[in-house]
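J.: So the chains spell out like this:
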Amino acid sequence: MPSALVNIPKKAKRGDVIEIKTLMSHIMETGYRHTASGEAVARDIITSFTCRFNGAEIFRADLFPAIAANPFFTFFATVTESGKFEFEWVGDKGFSETASASISVE
Amino acid sequence: MDESTRREFFALAGGAAMLTVTLRPAEATPDMLASAIRNVVGTAPVKTGKVKLDIPPLVENGNTVPMTVSVASPMAPEDHVKSIHVFNEKNPQPNIGNFYLSPQAGRAQVATRIRLADSQKVVAVAKLSDGTFWSASVDVVVTLAACTEEVI
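Protein chains in written order, with the numbering used here: chain U, 1 to 106; chain B, 1001 to 1152.
Honestly, the hints are just simulated from the structure, not real lab data. Being a predicted model, the structure only gives us computed values, none of them experimental. Be a bit skeptical, because a hint or two may be false.
Said to hold, decoys possible - Mimicking BS3-like on lysine-lysine, the simulated pairs with C-alpha atoms at most 27 Å apart in a straight line are:
{"hint": "1", "chain 1": "B", "residue 1": "K1052", "chain 2": "U", "residue 2": "K21"}
{"hint": "2", "chain 1": "U", "residue 1": "K13", "chain 2": "B", "residue 2": "K1082"}
{"hint": "3", "chain 1": "U", "residue 1": "K21", "chain 2": "B", "residue 2": "K1082"}
Stated by the list, open to error - A few chain B positions that, by computed beta-carbon distances, are all more than 12 Å from chain U:
{"hint": "4", "residue": "D1031"}
{"hint": "5", "residue": "A1044"}
{"hint": "6", "residue": "D1079"}
{"hint": "7", "residue": "N1098"}
{"hint": "8", "residue": "S1119"}
{"hint": "9", "residue": "V1138"}
We put the CB at the ideal spot given by N, CA and C, even for glycine.
Using the sequences provided together with the hints, build the complete structure.
T.: Pasting the structure below:
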């Protein structure tokens, strides 16, 4: 069952650079593995991750099978106003998940 | 051939041999890695520096290897890091991840966890807003490989 974990500070001062941590549970099957009987296991990965703040894109990633299972990202953002971070994961087999987190800026 | 020309000949030959050695690149880069980097940078030169790639030099489990890439940049609208691309040498695919940043990212730093199928070189390339490319590479020793094992 897919589920996202997102960690951002609840409050920040105007102009602060905050750290954002995200984790999405996903098998990230590489497509290069075989079962004991020799059949190839189909690729099933998250291919893209996007983070937007109040609609504007801050961070985006293209993922390849070389990203470990349960993709985890840490990145940064400068906050100048209160608002909402929106996160989106898109992948193989119609995988699509979203999460959001709000921050108040003083 | 008298003694003096013989000596000169050897001196010259030795010099030539040394020259060939220095002209060769320090490390042979496998073609896949080189072409994956070319796909991103095109014909632009890639300079070493500005980029810092943090990976443990000795990895026990190639299935999850923590990796941090940071680039020295003020992240101002007129001077920021546009993207960071991470490549490897010996996984089935040369790409690991592409990360696109906006000036609002504040700090040009990304951390994630990657898979490494073998002991190999990992290369990070950063594209700056002025169109220049900078890179860093790290050699990693992996004891337990990822990616290709059997599913039980």
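J.: If a hint holds in the structure, say so; if it does not, say that too.
T.: The hints, checked one at a time:
| no. | hint | verdict |
| --- | --- | --- |
| 1 | K1052/B / K21/U | holds, 20 Å |
| 2 | K13/U / K1082/B | holds, 25 Å |
| 3 | K21/U / K1082/B | holds, 20 Å |
| 4 | D1031 | holds, 18 Å |
| 5 | A1044 | holds, 20 Å |
| 6 | D1079 | holds, 14 Å |
| 7 | N1098 | violated, 4 Å |
| 8 | S1119 | holds, 15 Å |
| 9 | V1138 | holds, 15 Å |
Comparing the model with each earlier hint shows a violation of hint 7 alone; every other hint is respected.
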